[in-house]
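K.L.:
The primary structure of each chain is shown beneath.
2 protein chains.
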Amino acid sequence: MMSCLDDGRFHGELGNGLSSDGYASIEDAVKVLLQGLGEDTNREGIRKTPFRVAKALREGTRGYKQKVKDIVQDALFPEAGLDNKVGHAGGAGGLVIVRDLDHFSYCESCLLPFQVKCHVGYVPSGQRVLGLSKFSRVAGIFARRLQEPQHLADEICSALHQEIQPAGVAVVLQCTHVHFPDIELQILDPNHQGWLETIVSSGSGVFEDKQADDWADFLGLLRLRGTVMEKLKFRRSSDPYWCPSLSIKVSSAIEPANPGMVAAAAKIIKSLGEDPLRKELRETPRRFVEWFRNFQNKPDMKVSGFLCGRRDALSMNGEVDLNSKRVYAELGIPFWAQCEHHLLPFHGVVHIGYFILDGFKPIGRSHLQSIIHFYGFKLQVQERLTRQIAEAISPLLGGDVIVVAEASHTCMISRGIEKFGSNTSTIAVLGCFATEVTARASFLKTIPSPASPAGQ
Amino acid sequence: MMSCLDDGRFHGELGNGLSSDGYASIEDAVKVLLQGLGEDTNREGIRKTPFRVAKALREGTRGYKQKVKDIVQDALFPEAGLDNKVGHAGGAGGLVIVRDLDHFSYCESCLLPFQVKCHVGYVPSGQRVLGLSKFSRVAGIFARRLQEPQHLADEICSALHQEIQPAGVAVVLQCTHVHFPDIELQILDPNHQGWLETIVSSGSGVFEDKQADDWADFLGLLRLRGTVMEKLKFRRSSDPYWCPSLSIKVSSAIEPANPGMVAAAAKIIKSLGEDPLRKELRETPRRFVEWFRNFQNKPDMKVSGFLCGRRDALSMNGEVDLNSKRVYAELGIPFWAQCEHHLLPFHGVVHIGYFILDGFKPIGRSHLQSIIHFYGFKLQVQERLTRQIAEAISPLLGGDVIVVAEASHTCMISRGIEKFGSNTSTIAVLGCFATEVTARASFLKTIPSPASPAGQ
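Just so you know, the protein sequences line up as chains Z and P, in that order. The first sequence: position 394 = 394 (UniProt numbering), numbered continuously. The second sequence: position 401 = 401 (UniProt numbering), numbered continuously.
Don't take every hint at face value.
For chains that are exact copies, the list does not tell them apart, and a pair is met inside one copy or across any two.
Derived DMTMM-like pairs (lysine to aspartate or glutamate); straight-line CA-CA distance at most 20 Å [what the hints assert, rightly or not]:
1. 210 / 436
2. 69 / 275
3. 378 / 39
4. 279 / 39
5. 378 / 100
6. 117 / 418
7. 65 / 275
8. 445 / 330
Worth flagging that the hints you see were computed from the coordinates, not collected in a lab.
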């Protein structure tokens with residue numbers, strides 16, 4: 001198994017990764033996908049999207065072209081240890097752990113990126129140690145491919161063991177996959193964060209036995225950085241699905257997936273150098289297209305005929321004294337959208353503020369959720385989504401409206417910039433929220449802050 | 001001021017950044033610096049250090065060669081806004097914030113890297129918005145130079161304003177600089193984390209006035225990610241020093257800095273394309289050498305003559321029943337070291353465990369601190385440091401010793417891998433700590449974990 005690791009599973013000819021041939025075939029496929037959503041591929045916002053997607057996919061899977069040996073060979077350093085009778089330290093038995101290495105990978109089941117927090121440990125032997133940065137570089141080689149968490153952990157572990165020849169290597173990966181939109185579930189659970197986590201591990205040598213003392217040391221050291229493994233559930237082999245696409249029932253009986261789009265997705269997989277007929281990849285194009293078609297282009301909502309009773313009730317009141325109004329806040333309504341620049345999901349929550357008068361019931365949360373989903377489930381940018389939600393709800397809510405969208409963008413982690421902790425916020429303000437900073441401030445203060453626990 | 005931004009302050013000829021000429025002159029200078037510490041530049045661990053340092057410095061200052069226009073020009077998208085009478089949203093007045101962008105920069109006062117958490121906001125105008133990832137890319141252009149926090153914030157702000165032409169741009173930077181070793185201070189304050197934080201801000205257009213409503217909105221949105229500005233102190237112009245090298249008194253009267261080393265440091269600055277005679281850089285080579293010479297090579301400690309009374313006392317007891325011993329833990333002793341592979345600091349804490357018998361006083365913390373500093377203040381790797389500490393204290397403590405080092409490596413954030421949250425742990429175990437997993441586990445449990453607050 002180890003002998004083929006260096007070669008990966010790459011079959012294509014990528015040259016320097018900038019080969020226009022390879023780009024062109026992905027770009028063509030992306031155009032087919034965009035047309036399948038009913039989009040005009042000459043529209044300004046998406047005109048260069050096929051190129052951006054091709055570039056991001058190529059960079060994001062460049063691990064196929066990289067060799068572990070190239071990374072490791074210049075970074076093995078002689079390092080004294082202790083006589084085994086005295087103890088274990090340094091280059092002979094001294095456990096080394098590198099924790100919290102952030103990476104991303106591509107899910108081989110659905111083609112979406114997933115985040116990987118990687119912890120690696122090893123017990124050196126033979127009086128030599130590996131430069132610390134190389135654990136991250138080697139993990140990156142295998143992460144930047146189409147992957148599945150357990151397979152990724154096994155590959156990192158085997159490759160490090162082969163190159164370092166230590167007493168043993170241990171790998172723990174905390175993988176987070178974007179959830180798939182499920183409107184019912186999200187309405188039931190407003191705190192739904194949109195992430196699925198799975199934890200996998202792999203061990204070689206002294207770490208081969210999960211009950212070995214070395215694992216106790218390794219997990220004891222992970223705890224020092226706050227990774228408390230007792231609280232986390234490792235995936236068992238009886239949990240077959242980690243990617244949500246695998247648990248979605250094939251809806252082909254109702255609405256068959258567009259065969260042209262499925263063929264285009266298969267063409268992309270092939271262009272990355274993978275074999276679309278490999279067992280794990282055979283259904284991936286269909287699953288990707290099922291996900292992707294959530295974002296079908298659709299004509300604008302007829303807001304005037306939607307919940308109009310509410311608007312009439314409020315507009316009857318005409319201009320009211322601001323001081324007699326109070327801010328009503330509907331917080332943390334989940335949303336989903338697909339970034340039209342990179343064809344990657346962004347998701348988060350929308351907070352809505354408006355004024356209500358005594359005696360009037362606030363608008364139902366599920367109605368707001370429906371409007372948000374209507375504008376979310378299409379190719380979007382966060383600025384536009386925020387404006388569209390504000391414009392749609394404003395006539396229903398008397399014209400004084402603030403909308404704040406808080407989002408994680410998959411495109412901010414899974415391309416060159418790799419800004420793992422970053423997050424984006426957008427605001428749209430109408431009526432007195434546009435003119436009164438105190439109205440905005442009093443609304444923003446109602447939104448809970450993650451780092452301001454109760455009592456602070 | 002804005003007109004010269006795109007050109008930066010780069011004067012050299014770097015070509016593709018891999019020019020062997022540029023590398024060679026930095027490599028030669030690094031050799032002089034290593035020799036100045038009394039190191040043998042042919043020693044295996046540091047033989048390739050000059051090349052690694054040259055490569056890291058070149059990559060870390062590649063911002064001199066990058067142009068903001070190249071980043072921004074393809075990423076300005078038409079985006080509808082609202083009629084100004086109705087409100088503000090999208091491409092006309094809809095505030096956008098991108099938070100928590102992790103970067104690093106190089107301190108122009110001392111040449112050490114510092115971390116930057118960058119928050120950028122802008123108010124679009126003219127119905128156009130900038131692709132979200134570009135805020136990070138533009139910040140990166142200016143971060144990857146020799147910098148000072150306020151200047152960095154101003155450059156990011158001005159460049160974004162010039163290219164986007166929005167209603168205004170706001171930038172907040174949380175910069176953390178490695179502290180300089182100060183043995184007295186650290187012994188007094190065992191929880192000293194080794195970082196200095198400063199917060200700076202810059203605003204253009206509607207953000208020019210710090211009292212403007214737009215700043216209230218911006219800070220209100222930062223709070224949603226836990227960045228509570230009221231708790232943080234912005235740097236005032238009356239706080240002149242943020243880099244600790246600027247507050248160190250010139251010790252040249254006592255021990256003049258090696259002129260050859262200072263000239264070598266100046267040569268490095270010049271090779272990066274900077275002007276060593278620029279006002280802010282004139283004293284930088286001397287300051288760098290002052291820092292660097294903390295890590296002078298020195299002969300091994302004569303441990304046998306050090307604290308030997310303690311060893312005698314324990315050795316008199318001979319082999320004692322393990323069950324009658326109890327683990328004594330000395331936690332969180334700060335350490336400093338210089339990574340010999342990259343000539344960058346790594347620092348953190350050492351936890352020491354040993355057994356004491358009833359009636360014996362534990363060894364003094366300041367004695368342990370002295371030993372740790374002796375081995376820390378030289379060119380090191382963490383594995384060796386841990387072993388050397390364990391070997392040095394073992395004879396003083398009866399032979400049953402566990403040493404855990406927890407460290408942040410500046411080289412893990414300030415080169416290509418940029419793994420901002422990563423952290424490394426190493427263990428050395430002697431005597432029964434090498435053989436008994438329960439002894440190790442009971443010691444590790446005494447170390448507090450950051451994410452296990454009291455009560456969990």
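K.L.:
Hints first: check each against the structure and report whether it holds.
P.N.:
Each hint, compared with the structure:
no.: 1; hint: 210 / 436; verdict: between (60 Å within a copy, 17 Å between copies)
no.: 2; hint: 69 / 275; verdict: neither (24 Å within a copy, 39 Å between copies)
no.: 3; hint: 378 / 39; verdict: within (10 Å within a copy, 62 Å between copies)
no.: 4; hint: 279 / 39; verdict: neither (32 Å within a copy, 56 Å between copies)
no.: 5; hint: 378 / 100; verdict: neither (34 Å within a copy, 27 Å between copies)
no.: 6; hint: 117 / 418; verdict: both (13 Å within a copy, 14 Å between copies)
no.: 7; hint: 65 / 275; verdict: within (15 Å within a copy, 40 Å between copies)
no.: 8; hint: 445 / 330; verdict: within (13 Å within a copy, 43 Å between copies)
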